[in-house]
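As you go down the protein sequences, you meet chains A and B in turn.
The first sequence begins at 1 in the working numbering and counts up by one.
The second sequence begins at 1 in the working numbering and counts up by one.
Read the hints as simulated data drawn from the structure, not as lab findings.
Since this is a predicted model, take the numbers as computed values, not measurements.
Every residue gets a Cβ at the ideal spot worked out from N, C-alpha and C, and that includes glycine.
Taking lysine-lysine and the DSSO-like style, the derived pairs with C-alpha atoms no more than 27 Å apart in a straight line are: (1) B:K440 / A:K167; (2) B:K435 / A:K107; (3) B:K440 / A:K107; (4) A:K374 / A:K454.
Partial list, computed: chain A residues near chain B (C-beta under 8 Å): (5) W71; (6) Y150; (7) G154; (8) N162; (9) T169; (10) M173; (11) M180; (12) G185.
Among the chain B residues that face chain A by a calculated CB cut under 8 Å, a handful are: (13) P389; (14) F394; (15) F401; (16) K435; (17) D478.
For reference, the chains in residue letters:
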Amino acid sequence: MFSNILIYFVVIPVIMLAGLALCRNIKQIRAVAVTGSLALTALSIYLLVDYLGLRAAGHTEQMLFTGAWDWFKPLHIQLAVGVDGISVAMLILSSIILLTGSFASWKINPLPKEFFLWLILLSTGVFGFFISIDLFTMFMFYEVALIPMYLLIGVWGSGNKNYSAMKLTLMLMGGSAFLMLGLIGIYYHSSANPETLTWNLLEISQNGAISKGWQYFLFPMTFVGFGVLGAMFPFHTWSPDGHASAPTAVSMLHAGVLMKLGGYGCFRVAIYLMPEAANDLAWIFLILTGISVVYGAFSACVQTDLKYINAYSSVSHCGLVLFAILMLNTTAMTGAIMQMLSHGLMTALFFALIGMIYGRTHTRDITKMGGLMKIMPFLAVCYVIAGMASLGLPGLSGFVAEMTIFVGSFEHADMFHRVFTIVACCSIVITAVYILRVVGKLLLGPVQDEHHLKLTDAEWWERTATVTLIISVAAIGCFPNFFADLIRWTFSSDIFSVIGMN
Amino acid sequence: MDYSQFLAMKQEISLLVLFLLVFLSDTFASNRGCKTIGGLTCVLFGLFTLWGFCPVVIGSDTVTAFEGMYETSPAIVAIKNILNVGVLIVLIQSLKWTASENQVIRRGEFYELLLLTLFGMYLMMSGRHFLVFVIGLECASLPLAAMVAFNKHRYESHEAAAKYILTAVFSSAVLLMGLSFVYGLTGSLYYGHIADSMFSASTSNIVMLVVALAFVISGLGFKLSLVPFHLWTADVYQGAPTSVTSYLSVISKGSAAFAFLVILWQVFGQVYSEAWEWMLYALIILTITIGNLFAIRQQNLKRFLAFSSISQAGYIMLGIIGDNAMGEAALMFYILVYIFSNLAAFGVIGAIENNCGKVSMTDYNGLYKTNPRLAVTMMLAMFSLAGIPPFAGFFSKFFIFTSAINQGSVAIYVLVLIALINTIISLYYYLLVVKAMFIKEEDEFTVAPFRSALTERIGMWVCVAGILGLGLVSWFYDSLLSVVGF
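Please put together the full structure from these sequences, using the hints given.
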C-alpha cells in the first residue's frame, strides 16, 4: 500500500495533523505547516514529472499509479487511487495554494494551532478527493473537506460570520445529500451482474451498465450535488457570504481549491459515468451555468466590498468551468480544466492580497480607500497583475483558459449553443468593468484616509505567497500547450465516443 | 429433558448469576462493602461482557431451545454484545453520580434494576414466542420507571417516572390487544407458526391482519419513541437522571429496534408489501422529520438529545424497511455507533451536570475556552450523530442508506432522499451546539474550568475511541455482515 506514491498525499497531511497537535508555540506551528506543504508541493511536482515520463514511455491506460485495497469488502468498497492529467494538475494546484495559504496566515490570531489543524484537515479531504477513484472514498474525502469550513469561518472569520458559516455548511451539505443518493444509485446500477457491483469509477465506466432511464435520474442528482460546490445558479448564494466572511487563507483554499472539487466532480462522476444523460440534459444546466456566468459578473460590478467583488467574480468564473464542461467537446473541456487551474491560482492571489490589504487598512470598502499604489506599491502591483489575469490579458492564465473555452463552445453549430456562447463571452467585458473599476478606485486616485499613509508594504512571507502565485499564473499563461497536453489525454478515451464527442 | 439447551442461554443465565451476586453483596455486605458496589458491578459486568465474546458453546448456527420458545444465533449474540458494551460504558459513567450524597444509600438498587432490565431486553430479542417476548418487554420496562424516579428529591424525576410508567403500561396494553388479534387469526403465539399460517391467511383476512399489525407496531413504537408515539420521550429524558437517560436512549432503544426487526421479519415477513411496508414508510418519514423539527428549538440539552434520538430512531428503521440481511447488519452497526456517539454526548452533559448542575445550551457558550477536552468530545459526538466523516456516524448512515436502497423500488429512493434532506436539518441543530461551544464568547453563565472524575473521563475516552475507530476500521462492519450471513 505504501509503495504507491499517491497514498502520501493523504499520509503527509495526517502526519502534519499529528505534528500540529504536539506543537507548543506559533513558531513550531508555522514550521510544521510550511514544511508539510512544501513536502506536498515537492511530491506533486515529482508526481507530474513521473506521470509525464510514464506517458512518454507509452503507457496508455486511463489512469496511472492505480492501486486498490479492500476496505469494506462485502460492499465492494475499496481505497482505490489513480490519477490522470487532470488530477495531477489539481494536486499541483492544491499544494501550491496550501503552501501560499500557510504563508498568508503567518500571523493568524487567535488559536493558531486550531486554525491550522482545521485547515490541514480540509486539505486532507481535498487531496484525498483528487487521488480517489472509488466513489465511496471520494465522497468521504469530499465531506471531510467541507465540514472544517464551518469552524474556520465561524471562529476566525469576520463580519456576519455566524450566518455565513451556517449558510455555507448547510448548502454544501445539502448538495452532498443529493450526491450521496446519486452515488448509492450509481453503485446499484454499476454492473449488470449483482455479484460484481462496484464503486470504482474506471470499472463503472467500462461496464457502462447504467441504463438510460436511471441516468436521467442519477445524472441530475450528482451534477447538482457537485454543482452546488461549483457555485451553479441558483445554488451559488453561499459563495459570496462565505467568502466574504472567511479568513484569508480559508478564502484562498476555498475559492482556489474547494470550488474546483465541484467542477472536477461534475466532470469525473456525473459526465464521465453518465455521458448519454449528460448529452441529453446538458441544455438545462447550460442555461443555469450561463446565468451564473453573466449574473456573477454583473453582481460583482455593483459591490463595494473587495471580498464580495471577488466572490461574485468567482461565481462567474466557476460558472464558466461548468459551462465549458457541459459543452462536451475536447477543446471546451480542456479549457474548463485550464480555467479551474487559472481561476484557482488567480483567485487565491486575489484573496491573499485582499487579506493583506485588509490587515493594514482594516476596511474592505473600496469607497473608503484610494491611492494605495503610492503607499504599498508591491501589493498594488500584484493586485493589478491579478486583475489583468482575471480579465484575460494574454500572457497570463485567464486568457488561454477563456479563449480555449469559447473556441470550444463555438464548435457547436446550432443556434442554442452559439447564442449561449456569445452571452457567456459578454462576461469578459463585464469582468473588465469591475476589475478596472476596483483598480482605479482602490489603487489610483487620491488617498482617502490619511491614516493609510503610515501603512507599510508587504512583509517577506506575504511576498513569498504572492510571488509564488504570480509565477504560477504566468507559467500557465506562457506555456499553455504544456498544460493543455497534460489535460487533453483524458478526453481522448473512448468513453466519450458514446455521445459522438470530438 | 435435554439440559444442554440451557447452554444456548449462556448469556441470560450468566446475567442472572451476575444480578444475584450484586444483589447478595448489596444485601449482606457491611456498610463499607456497600460503597464498593459500583466498582464491583463494573468489574463483574466487564468480565461478563468479555464472556459474551467467547464463541457460543454449541456450534455457531441458529440454536433453538425450549420447544422453539427461545432462539439464539450469531446475530443475536452480536447485538447482545453490542448492548453489553454500551451498558458497561453507562455503568462506568454513572459511578460518580451514584456515589453522590443523595444516591449513595440506594446505589445498589440502581445496579440491580439496570441488570434486570437488561435481562428483559435479552428475552425480547431472543424470544420466539410472544409470551416470552411480552415477559421480556415488561421486565425491561417496569424497573426502568423506578430508575427514572431515582432522583428522589427532584420533582421532575417523579413526573417523568409517572409519565413513563403510564405510557409503558398503555403501550403494553395496545401491544397485547394486537397480539390477541394475531392469536385469533392464526391460533398460535409461536413466531414460526404465525408466519406459516399468515401465508394462507394473508389474502382472506388482510384487513384484520393490518389492524392487528397496527396495534403491534404502535405498541413497539412507544418503546422506540417513533412519531406519533413519542410524546413521553422529551419529558422523561429531561426529568430522569442523566445516567438513566443515556441508558434509555441507547440501550433500551437499541434492543427494542432489534426486537422490532425480528418480529417484523420473522412473524410478518410474508406480508411485507401488503401490510407493513407502507406503515413503516409513514412512520419513518414522520419520525425523522418531526424529531428534527422539534429538536431545533430546544435549549435544554437533555431535551435536545431526546428529540435528536427520536429522529435517530427513524434512521434505524431504515435498516428494517430494506428487508434484507444487509439491513440487519446496518441496523446493528447503526446501534453500535449510536451507542458510542450518544454516550459521548451524555458523558459530557453528565460530567458538567454533576459538577455544576448546568444543562442549558447557553451554559455551553465558550466552553472550549474553559474546558477544551469536554468541548472537543462533545463536538465529536455531535459530528458523529450528524454523520460527518471521518467519524463513525458517517459510515453508519451511509451503510443504512445503502442497505435500504438495495430494496430497489423508486419509493425507497424517495424515502432515502427525504431522510438525507433531514440529515441537513439535523446538521443545523448539532452545529448549534458546536457553535455555542466554539464560536460564541464566554459569559457569566459559562461552566468554570474543572477536572471531571476519572471514571467519567474513562467513559468519554472509550466513546471517543469508538467514534474515531468504528468507521475507519472496517473490521467491525465486516464482521457484523458476516454474522448475519451476507
